[in-house]
Amino acid sequence: MKFGVVVSEGPYTHQAVDSAYRFVTAAIEKGHEVPRVFFYHDGVNVSTRLSVPPQDERNIQQNWSALAKEHNIDLVVCIAAAQRRGILDENEANRQGKDANNIAEGFRISGLGQLIEMGIQTDRLVTFGD
Amino acid sequence: MKFGVVVSEGPYTHQAVDSAYRFVTAAIEKGHEVPRVFFYHDGVNVSTRLSVPPQDERNIQQNWSALAKEHNIDLVVCIAAAQRRGILDENEANRQGKDANNIAEGFRISGLGQLIEMGIQTDRLVTFGD
Amino acid sequence: MSDTKKFLYVNRKAPYGTIYALEALEVVLIGAAFEQDVELAFLDDGVFQLTKGQKTDGIGMKNFSPTFRALGDYEVTKLYVEKESLDERGLTADDLQEIMWEDEDDDWEEKPSIRIVSRAEMADVMANQDVVLSF
Amino acid sequence: MSDTKKFLYVNRKAPYGTIYALEALEVVLIGAAFEQDVELAFLDDGVFQLTKGQKTDGIGMKNFSPTFRALGDYEVTKLYVEKESLDERGLTADDLQEIMWEDEDDDWEEKPSIRIVSRAEMADVMANQDVVLSF
Amino acid sequence: MATLHTVNKSPFMTQTLLSCLNHAKDGDAILMIEDGVYGGMAGTGLSDAVAARTGAVKICVLSEDLEARGLAAERLMEGVSAVGYDGFVDLVAENDRTQNWL
Amino acid sequence: MATLHTVNKSPFMTQTLLSCLNHAKDGDAILMIEDGVYGGMAGTGLSDAVAARTGAVKICVLSEDLEARGLAAERLMEGVSAVGYDGFVDLVAENDRTQNWL
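Protein chains in written order, with numbering that gives the first Met the number 0: chain A, 0 to 129; chain B, 0 to 129; chain C, 0 to 134; chain D, 0 to 134; chain E, 0 to 101; chain F, 0 to 101.
Read the hints as simulated data drawn from the structure, not as lab findings.
No incorrect hints appear here.
Straight-line C-alpha distance at most 27 Å; calculated DSSO-like pairs for lysine-lysine:
id, chain 1, residue 1, chain 2, residue 2
1, E, Lys24, D, Lys82
2, A, Lys1, C, Lys5
3, D, Lys54, A, Lys29
4, A, Lys29, A, Lys1
5, A, Lys97, C, Lys61
6, B, Lys97, D, Lys61
7, C, Lys5, F, Lys24
8, C, Lys82, C, Lys51
9, E, Lys24, D, Lys77
10, D, Lys51, D, Lys77
11, B, Lys29, B, Lys68
12, C, Lys77, F, Lys24
13, C, Lys61, C, Lys77
14, B, Lys1, E, Lys24
15, F, Lys24, A, Lys1
16, F, Lys24, C, Lys82
17, C, Lys82, C, Lys54
18, A, Lys97, B, Lys68
19, C, Lys54, B, Lys29
20, A, Lys68, D, Lys61
21, A, Lys97, B, Lys97
22, C, Lys77, C, Lys5
23, C, Lys4, A, Lys1
24, B, Lys1, D, Lys4
25, B, Lys97, A, Lys68
26, C, Lys51, C, Lys77
27, A, Lys29, A, Lys68
28, B, Lys1, D, Lys5
29, E, Lys24, D, Lys5
30, D, Lys77, D, Lys54
31, C, Lys61, B, Lys68
32, C, Lys4, C, Lys110
33, B, Lys1, B, Lys29
34, C, Lys4, F, Lys24
35, D, Lys4, E, Lys24
Here's a subset of chain B near chain E, in silico, CB distances under 8 Å, partners left out:
id, residue
36, Arg123
37, Val125
38, Gly128
Glycine included, every Cβ here is placed at the ideal spot set by N, Cα and C.
Just chain A, with the same shape it has in the complex (with noise of 0.2 Å):
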């Protein structure tokens, strides 16, 4: 089957990301599809490459890069709640005038049809939020 995920808490603060990330892995050994992650709210605040957790504790951001690039699962960070919240690509950086960009490798911006899009295409969307 065909699993759309969506991601709608921030890192370290809730534990929803930290859930998506053992589902979608329980997923896929079963032999599921995670074609697509959508990161709404704070959840675009996975995608900070500048992230740096202490030794003792899980990379949330290099767990999530790692394990989309090994399963080839689209992560989709949205453009409307990531500007709020102060996550840029290169791209946004360069059209918003700021002078840096933080988002990591794996993760790409893009606009709220792609959540639309993963519940059309998909066989069942979850959420893990607050």
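Starting from the structure of chain A, add chains B, C, D, E and F where the hints point.
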């Protein structure tokens, strides 16, 4: 009187930081002092200069930077909370080997001791969170 | 599976204290372009999103409640509001905004988009969906 | 006002679902260096922070519950736990970790840091502070 | 030696207001802000619990938050009063400490 | 045409579990995850409300979250079972839709 203020939630997602802003403004107008505001938990995300809110919405970071400049408020961002969540100044970015930083003018990164010190040195402490 | 899916947006949170209500509305507006069957559910504190007379100047935030009245133009015409949730909060239908849509199949007659339903009817609405998005 | 203030850290949230419990503990540890009077209050879901036998391998998060047992070394020796909150959750004192401190004024005798108090006593603890930090 | 308590969550969704009411002492003040202001409304499922303390505890709601949510001050229950941010500041100053129920 | 409901908040702090129980239909499943797992414990102030639905609704808790919080599976009330992440995946697949009570 001297008021210390703690902000514990991120911008746009929770109203906490908006309430804190209005409270600090009102306190100063009434003749009180607000020497420091301490940003903890997701509150550290207020300090990113990469935020681009819609044009018809408030710019939370810029409002704080301006208020701090006008009234000489020490805006302190907790270093431990900031590192987890990807908020870095130039020094921290260099020290951590990151290729960018994102902290806005008027905010400085420091330790949790600044929170305790604020509790000791002010007459009242008010926390805005979730 | 047909080409058209039934989408339900579930709103259980009050406006302004958190951003979920506003960002949910942004999804609804974008989603309207995809020509799916769209319904909105308001229960628990979500019913507070629809109160009339919201004035946000004093808190410095944008008043997004007028956007609900524009939903008809996007062919989003079914806003289910749970009666038990209203009752518990001391609210009646009169406390909510009037939200209308024009029925092109009925000589563009104006009809109300808000439908007050019982908890059991709300459970039926929820069970009749392909995709449920919660905010 | 004396040089020493009374600080109360109020813990009302469960561990792991959100980071507040962990980041509260980080404040307590740093705060201990400032030689203030420090007390901790655990009520509502905060009492879940102190359960014994936490094993977090399955959720990939760090188990920070052993840190509570180190608080005595930082001279943080008063952990008030509300009995009504335990009762409502089906918990007893036996479900909580044993947290001890050594009393240097009493020949280094080991004494329990956890003090189960009634709701009324908790209200008294709260009313007896200079600074209350909530998590 | 009184305490100002603030509550910023809806009492219909969380137990926070009830916990605050259970711990506030006679002579304390409670200020409802943000989504907490719904706790001051008359005629709700929770009005009785709040009304039981309006004598011993000073209970206020932040008027800016009330207005934002479309609630007129007339909807407040008896014994609960609306104050602005300047009143919020005064409450903090008048009481010996602030406890924020998050 | 059944629904899997997930609840991730403590039932002692929020109304979310109760609202979910009030809307779940016979034949549906409820999975408690994260801080929601406390809702499956026996002998709490909420056990009766959950027990009232264990016949008509399949009620599960995520064992990884239970273990993290120091709760042994023996603490679960009768009629509530523990499943792992693989069981979570199966529940999503078996039911026609998932409704996440956030």
